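**Student:** The listed protein sequences derive, respectively, from chains A and B.
Be aware that the first sequence starts at 0, since it is given in numbering that gives the first Met the number 0, and climbs by one per residue.
Be aware that the second sequence starts at 0, since it is given in numbering that gives the first Met the number 0, and climbs by one per residue.
Hints are not guaranteed to be accurate.
Said to hold, decoys possible - For each label pair, taking beta carbons as the anchor points, the in silico distance ranges come out as:
1. A:Glu182 with B:Asp116: 23 to 33 Å
2. B:Lys170 with A:Ala123: 25 to 35 Å
3. A:Gly53 with B:Arg95: 13 to 23 Å
4. B:Asp116 with A:His49: 39 to 49 Å
5. A:Ala123 with B:Lys67: 20 to 30 Å
6. B:Asp116 with A:Thr52: 39 to 49 Å
7. A:Ala123 with B:Pro111: 37 to 47 Å
8. B:Ser53 with A:Pro46: 49 to 59 Å
9. A:Gly53 with B:Ser85: 29 to 39 Å
10. A:Tyr61 with B:Glu392: 37 to 47 Å
Stated by the list, open to error - Straight-line C-alpha distance at most 20 Å; calculated EDC-like pairs for lysine to aspartate or glutamate:
11. A:Lys54 with B:Asp74
12. A:Lys60 with B:Glu100
13. A:Lys60 with A:Glu98
These aren't lab readings, by the way, just hints derived from the structure by calculation.
Small disclaimer: the values here were computed from a predicted structure and weren't measured.
Each residue gets a CB set at the ideal place from its N, CA and C atoms; glycine is no exception.
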Amino acid sequence: MKTRSRETKISRRSWLLAGLTVPLFSARAADSMKVMYDGDNLHVAAPTLHFLTGKPLERLKYGDVVAYVAQLELLNESRTAVVRPQKGRFVVSYALWEETFSVTHLGSTPGGTPRTAEGLTTVAAETWCFNNLTMSTLGLAPNLYYWLRLELRTGTARDFAEETKIGISIHDLIDLLGRKNTEVTHWGPLETRVRLADLPRMAGRGSRNG
Amino acid sequence: MKYSWLCLLVGSLLFAGTQDSDLNVNRRYTVDTVIVAGKGWKTNVADQQSDRLSSGLRKDLLALIGQKLNPGILDGLATRLKKEFSASEVSHHVLRGDTPEHVRVEFEVRPPHYGVDATVTKFLYDSKQGWSGAGSVGFSVQQNTFAFGLASDGDTLNERFAGISARYENKHLGSDRVGLRFQFESYHEQWNQSTLDALAARPNQTSDAYRTRQNFEPTATISLAKPLTLEIGVGFQRLQNQFPAAHTEAANALISTLRYHRRLADSEYQQDVDAGYTLRAATRLLDSDFVYTSHVVGLHYRVAHGKHQLMEHVEAGSVNGRAPLADRFVAGNSYYLRGWNKYDIDPIGGNRLVHNTVEYRYGPFQAFYDAGAVWDSGQPATPRHSVGVGFKESIFSLAVAFPVKSGHVEPVVMIGMIY
């Protein structure tokens, strides 16, 4: 019995290994997401996160459109509460003859003005999406630590309700909403610990929050 | 609440402005080809010879050609294709066309999932002949279909036959053009007294009243050209007689059927033409006790316009030699000279047949006129006529048919499912 209880215990060496590994995972996540600050907004870059791949890319190359929803969340230091959520919705299509991507940013909430970029390469399209994903820092304490979490998934019909209010054509909506059974693909989450005061400032922008 | 977002969406559509954000960049391209493809087949909707699609759907698919790509309507067309082909799924792909700035739309039809499929192939009540029914249970594995059936049919032939059947079919034997089928049937027969009396009065004209009938029929189907199909096979029929002593006779025959099917569709009218010729040659070479040749030709024409349909079906047949009762022509059933009693026309059938049906349908309502004759060579043919009205929705049919003859009128009521 004594031997058995010893076997089920976690050894000190295991605890040590686990303790060393957790920060490594955080470090890796932090490496894959870069955060910049322009004085008003947080900007993210995820150079290792490629979402124009796999099944969604296959659909795009068959002339379909694929909707993506990016979820950026700022959590408190203990990661127990979301301090500020931010959502970005993108619709991507692939020009069959030009072999370039077209991305439309529908905004974080219904009613926002859509912006479109065309003729993009794969990397440029992914970068364009993240460049358009910003989070306002208004009201945030510059000296507090927060966690910034980024998640991405393909969109569903529910994500694009009420989009006609911003002038999306009926045909596009039927096209988007008609695909009820399209499986949802997830990327992330990527997390990094941030403090506004420590973040690198983007060139050419002043600070408003201190 | 579940669809509240949809209500909002529809409502807001009314106020949507003219600003049209083209989410799909491929809208700028023009469609030059539309392809519908299934397992082992592919059809270009612009191909006039293509008869896989109904005229309405083909017309709507054709309408895509020459227009800018409209991805929004492809889903609707895929849904219609799914229904038309009873497919498990229909997906669509947009690919580069043959010329720059043009695209090809391809619909991929996935066949239904494998599973057990129970079908009632005949279910009929005839006020003169009583109930007839047949059904089968089948399942498919890839291209192979297996079916097992039960039947009790007092309508089709002069005898009532009851028994079992088994069928194996491969519709894609190496190529979509070749199919193979093996069919086995085993029936017990019941005879009407008037048939037995006629057999006693006219011996050697046909077989005796056999007690059981077994038939094994391997057949190959070859698609010669698109609308033309050839079936070649052999029928091994064993008839077990009871009298004067228990013995078995064979009616083994080469079977060949040439079929032509063409669907013609313009914007308003849809026309179907089916023509067929069947030759059945029973020969001593196949160790047959009966030696005969049977020729049957048929032409079926249908024109539809909205709810109106007009059908014309003409058939003629001839048997030379001594054929068993099951291979003789019978009229006065649910197919030929409806309303007549087959035992009044000829209780052992005939070796000559001429028949014509004209039918008009408006929606589910039908009116028909049958005219024809069944007789034996060397005997005078007696033309007979019948008229009827009925209701036919899908396979369900209810009809009252009146034989046109002098004297009393005795209508026949037919209710059931006829395929």
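**Student:** Look at each hint and say if it fits the structure.
**Tutor:** Comparing the hints with the structure gives:
1. A:Glu182 with B:Asp116: 23 to 33 Å: At roughly 29 Å between Cβ atoms, B:Asp116 and A:Glu182 fall inside 23 to 33 Å, so the hint holds.
2. B:Lys170 with A:Ala123: 25 to 35 Å: violated (50 Å)
3. A:Gly53 with B:Arg95: 13 to 23 Å: holds (21 Å)
4. B:Asp116 with A:His49: 39 to 49 Å: holds (45 Å)
5. A:Ala123 with B:Lys67: 20 to 30 Å: holds (26 Å)
6. B:Asp116 with A:Thr52: 39 to 49 Å: Roughly 40 Å apart at Cβ, these two residues keep to the hinted range, so it holds.
7. A:Ala123 with B:Pro111: 37 to 47 Å: Roughly 44 Å apart at Cβ, these two residues keep to the hinted range, so it holds.
8. B:Ser53 with A:Pro46: 49 to 59 Å: holds (52 Å)
9. A:Gly53 with B:Ser85: 29 to 39 Å: Holds - the Cβ-Cβ distance for A:Gly53 and B:Ser85, about 31 Å, lies within 29 to 39 Å.
10. A:Tyr61 with B:Glu392: 37 to 47 Å: About 40 Å separates the Cβ atoms of A:Tyr61 and B:Glu392, which means 37 to 47 Å holds.
11. A:Lys54 with B:Asp74: This hinted pair holds, its Cα atoms lying about 19 Å apart.
12. A:Lys60 with B:Glu100: With Cα atoms ~15 Å apart, A:Lys60 and B:Glu100 stay inside 20 Å; holds.
13. A:Lys60 with A:Glu98: holds (9 Å)
Taken one by one, the earlier hints fail for this structure only at number 2.
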